[in-house]
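There are 2 protein chains.
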Amino acid sequence: MRDVLIAGIGQVPVGEHWETSLRHLGAKAILGAMEDAGVDRLDGLYVGNMLSGPLSQQEHLGALLADFVGQRGIEALKVEAACGSGAAALRVGYAMIVSGLAEIVGVVGVEKMTEPRGRETTAALAMAADGDYEADHGVTFVALNALLMNRYMMEHEVSHADFAGFAVVAHANGVNNPNAMFRRPITAEQFVRSGVVASPIGLLDASPIGDGAAAVILASRDVVRALGGSRPPVRIAASAFSTDALAIHDRSDLLFLEAAARSSQKAYEQAGIRPDDLDLFELHDAFSIMAALSLEACGFAPRGGGVRLAQDGAIALDGRLPISTMGGLKARGHPVGATGLYQVVEIVQQLRGDAGHNQLPNPFWGMAQNIGGSGASVITHILQAPE
Amino acid sequence: MRDVLIAGIGQVPVGEHWETSLRHLGAKAILGAMEDAGVDRLDGLYVGNMLSGPLSQQEHLGALLADFVGQRGIEALKVEAACGSGAAALRVGYAMIVSGLAEIVGVVGVEKMTEPRGRETTAALAMAADGDYEADHGVTFVALNALLMNRYMMEHEVSHADFAGFAVVAHANGVNNPNAMFRRPITAEQFVRSGVVASPIGLLDASPIGDGAAAVILASRDVVRALGGSRPPVRIAASAFSTDALAIHDRSDLLFLEAAARSSQKAYEQAGIRPDDLDLFELHDAFSIMAALSLEACGFAPRGGGVRLAQDGAIALDGRLPISTMGGLKARGHPVGATGLYQVVEIVQQLRGDAGHNQLPNPFWGMAQNIGGSGASVITHILQAPE
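Chains as they are written, first to last, in numbering that gives the first Met the number 0: chain C, 0 to 386; chain S, 0 to 386.
Worth flagging that the hints you see were computed from the coordinates, not collected in a lab.
In this text, all values refer to a predicted model and were calculated from it rather than measured experimentally.
Hints are not guaranteed to be accurate.
For chains that are exact copies, the list does not tell them apart, and a pair is met inside one copy or across any two.
[Said to hold, decoys possible] In silico EDC-like links for lysine to aspartate or glutamate, alpha-carbon gap of 20 Å or less:
| id | residue 1 | residue 2 |
| --- | --- | --- |
| 1 | K27 | D131 |
| 2 | K27 | E15 |
| 3 | K27 | E268 |
| 4 | K265 | D278 |
| 5 | K27 | D135 |
| 6 | K265 | D2 |
| 7 | K265 | D249 |
| 8 | K27 | D42 |
| 9 | K265 | D42 |
| 10 | K27 | D317 |
| 11 | K265 | D353 |
| 12 | K27 | D276 |
| 13 | K265 | E102 |
| 14 | K27 | D275 |
| 15 | K265 | D317 |
| 16 | K265 | E154 |
| 17 | K27 | D39 |
Can you make the complete structure from the sequences, with help from the hints?
Here is the structure:
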């Protein structure tokens with residue numbers, strides 16, 4: 000199988016970009032990645048986005064963005080897998096290079112959420128859940144996660160305060176990321192005392208929506224050598240995608256993310272590594288309960304043990320498994336269709352040694368896991384540092 | 000490059016399916032294709048759909064449909080390229096087989112348009128156009144096509160009545176297709192006298208929206224041999240995708256579909272054939288002007304000559320280039336994200352000899368061209384008959 004390399008990265012700060020349109024956000028990230036890779040021509044562009052239709056009254060982002068970045072004529076399409084859309088688009092771009100159908104492509108995740116036109120944002124996000132059996136009954140996404148968190152707290156006999164570490168670490172790391180939405184530290188006490196959104200989930204359990212875009216340029220090994228990028232390429236050592244039932248009531252076990260387990264297991268096999276080999280893990284901490292469940296599904300903790308990792312320092316930058324090293328969804332922000340690309344861009348920063356104040360010491364393996372819905376689409380990528 | 004074969008097809012009649020939900024429509028087509036191919040397990044599912052978010056308040060169709068057809072756990076995602084979403088999803092499924100990342104996958108196009116919840120359908124369809132520069136100014140899709148048709152009639156000195164043949168042939172062919180929405184013939188006189196939708200476009204120039212789903216099963220050659228399908232597999236001899244500016248005012252030439260020309264040219268090269276070699280062409284006759292422009296861009300007529308093919312009998316079942324052999328978008332109906340798969344399913348029927356009353360005599364090469372927007376995304380596939 001052909002090697003696929005990340006030749007360049009680009010991103011815009013996550014925030015409320017009321018003066019920047021969807022197409023401008025996407026173009027900035029793509030053009031940034033093209034400049035970083037030293038390329039001026041792509042064979043294809045794959046756009047991860049969930050909500051441009053309902054929120055911006057604009058579909059057809061593939062052709063729109065290809066034209067707007069000066070690549071009119073190339074293949075371009077949008078990929079959607081709810082909040083996992085970004086990594087799903089990366090998966091498609093990866094397949095295009097592996098297949099030999101393309102030699103160099105762009106993948107961008109873009110989402111504009113803070114100025115909804117048409118549907119209100121919370122209602123639009125519920126389109127990731129099962130419309131007929133969840134959303135139509137008024138269950139929002141935070142409510143679904145609240146159900147899971149309550150169940151977790153009951154089954155594993157832990158308290159809401161036990162989850163504080165996830166948000167504390169994310170905010171601590173976001174301080175030094177110029178692209179993060181929230182750049183101030185929080186304390187465990189603030190976490191516990193934050194206002195309730197949907198009991199037991201508080202404001203500081205939940206990642207913020209935002210506007211943002213992040214992009215990568217993928218190329219085959221032969222092509223990368225000929226490019227003018229200033230930074231060394233990072234290899235995609237594994238790409239794996241698994242699904243589960245959309246509705247949580249259709250799952251036999253509420254507290255085990257089957258798709259995350261399958262997806263990460265496939266990724267480990269493809270990369271030829273074990274979970275312990277990873278130097279960092281950008282996980283999908285849309286809610287702190289999702290962070291705990293992801294750690295368990297991916298083999299880092301036994302059932303009920305995910306939350307312990309937030310308490311013993313393991314997930315901090317100097318811990319044995321750093322997560323959310325640039326702020327994660329919680330502090331960097333969660334522009335849903337873009338998130339999967341932000342995760343990958345941040346791992347590339349770490350593996351290249353470009354992570355600034357948050358730089359880990361010589362990381363070699365990094366894993367990004369992007370989740371759509373309450374665990375229904377899980378896409379895992381493992382990246383390997385430049386040789 | 001690995002051969003990709005179509006091992007099975009499935010479809011539901013296009014219509015107003017008020018008693019059948021989006022997921023049921025999609026599942027019927029997928030399960031039909033799986034039965035036709037003799038498979039009970041897929042490696043991946045790729046869903047072409049444009050408007051499930053705005054019209055059905057449901058995104059995340061990949062995981063939703065994978066679960067609903069008994070394939071929980073597999074990779075599954077949605078692909079969107081406006082009205083070209085169906086063929087764009089086929090392109091992604093094709094890449095998955097070529098790459099070796101999958102051995103057998105499903106591709107389904109599904110759209111439910113006649114019971115909009117939320118956005119009204121015409122407004123939702125305008126999301127295929129440039130939101131900031133076209134749709135926001137009130138230009139609907141039929142209006143954009145009316146502008147093109149007016150310009151064509153002026154530049155090439157033809158009348159509206161000269162286009163009648165496209166609709167007459169499509170309706171004649173739809174009569175014998177049990178999956179077509181309109182199954183009655185029309186006359187050229189009826190075409191001319193039909194009510195005006197957006198001058199000069201009349202009701203019988205325009206394809207109808209509808210609810211529908213069509214699917215194919217793709218597999219590598221090695222895998223196909225081991226399957227239990229009762230019908231011979233059809234080879235995808237070419238797959239090509241090209242884009243153009245979304246907004247028609249951004250194009251240097253209104254009356255030449257650049258992306259259709261590039262996409263078909265790439266497809267001819269990949270298949271190793273010339274336009275004259277084709278035995279049928281399922282083109283994107285969303286409006287009769289689009290049919291004329293497609294024929295010109297794909298090399299079947301000089302500029303201004305596309306409309307002549309509708310007058311001299313060339314496009315009929317017994318003509319030298321049969322088009323819309325099962326009714327086309329005009330008579331079979333145009334459930335936008337599903338259309339690209341209907342086109343391919345119908346060519347498979349022809350190449351297998353399963354086209355019933357509309358069967359062509361021993362066709363060997365068939366081309367399907369699916370268009371998103373007013374020519375901004377054009378995906379062309381060439382299929383080759385079983386050996």
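Against the structure, the hints come out as follows:
Proximity of K27 to D131 under the C-alpha cut-off of 20 Å is restricted to the inter-copy arrangement: shortest distance 18 Å between copies versus 37 Å within a copy. Taking the shortest alpha-carbon separations for K27 and E15, only the intra-copy value of 15 Å comes in at or below 20 Å, while the best inter-copy value is 42 Å. In the homo-oligomer, the alpha carbons of K27 and E268 never lie at most 20 Å apart, since the shortest distance is 35 Å inside one protomer and 35 Å across protomers. Taking the shortest alpha-carbon separations for K265 and D278, only the intra-copy value of 18 Å comes in at or below 20 Å, while the best inter-copy value is 44 Å.
Proximity of K27 to D135 under the C-alpha cut-off of 20 Å is found in neither arrangement, the shortest distances being 37 Å within a copy and 23 Å between copies. Proximity of K265 to D2 under the C-alpha cut-off of 20 Å is restricted to the intra-copy arrangement: shortest distance 17 Å within a copy versus 25 Å between copies. Proximity of K265 to D249 under the C-alpha cut-off of 20 Å is found in neither arrangement, the shortest distances being 23 Å within a copy and 45 Å between copies. Taking the shortest alpha-carbon separations for K27 and D42, only the intra-copy value of 19 Å comes in at or below 20 Å, while the best inter-copy value is 35 Å.
In this assembly of identical chains, K265 and D42 lie within 20 Å of each other by CA distance solely across copies; the values are 13 Å between and 28 Å within a copy. In the homo-oligomer, the alpha carbons of K27 and D317 never lie at most 20 Å apart, since the shortest distance is 33 Å inside one protomer and 52 Å across protomers. Taking the closest pair of Cα atoms, K265 and D353 never come within 20 Å of each other, the shortest separation being 28 Å inside a single copy and 40 Å across copies. Taking CA atoms no more than 20 Å apart as the test, K27 paired with D276 passes in neither setting, with 34 Å inside one copy and 44 Å between copies.
Only between protomers do K265 and E102 lie at most 20 Å apart by alpha-carbon distance; the minimum there is 16 Å, versus 25 Å within a single protomer. Neither within a single protomer nor between protomers do K27 and D275 lie at most 20 Å apart by alpha-carbon distance, with minima of 36 Å and 44 Å respectively. When the C-alpha separation of K265 and D317 is checked against a cutoff of 20 Å, the pair qualifies neither within a copy, at 28 Å, nor between copies, at 52 Å. Proximity of K265 to E154 under the C-alpha cut-off of 20 Å is found in neither arrangement, the shortest distances being 28 Å within a copy and 58 Å between copies.
Taking CA atoms no more than 20 Å apart as the test, K27 paired with D39 passes inside one copy only; the shortest distance there is 14 Å, against 44 Å between copies.
Going down the numbered hints, you'll see the structure goes against 3, 5, 7, 10, 11, 12, 14, 15, 16, while the others check out.
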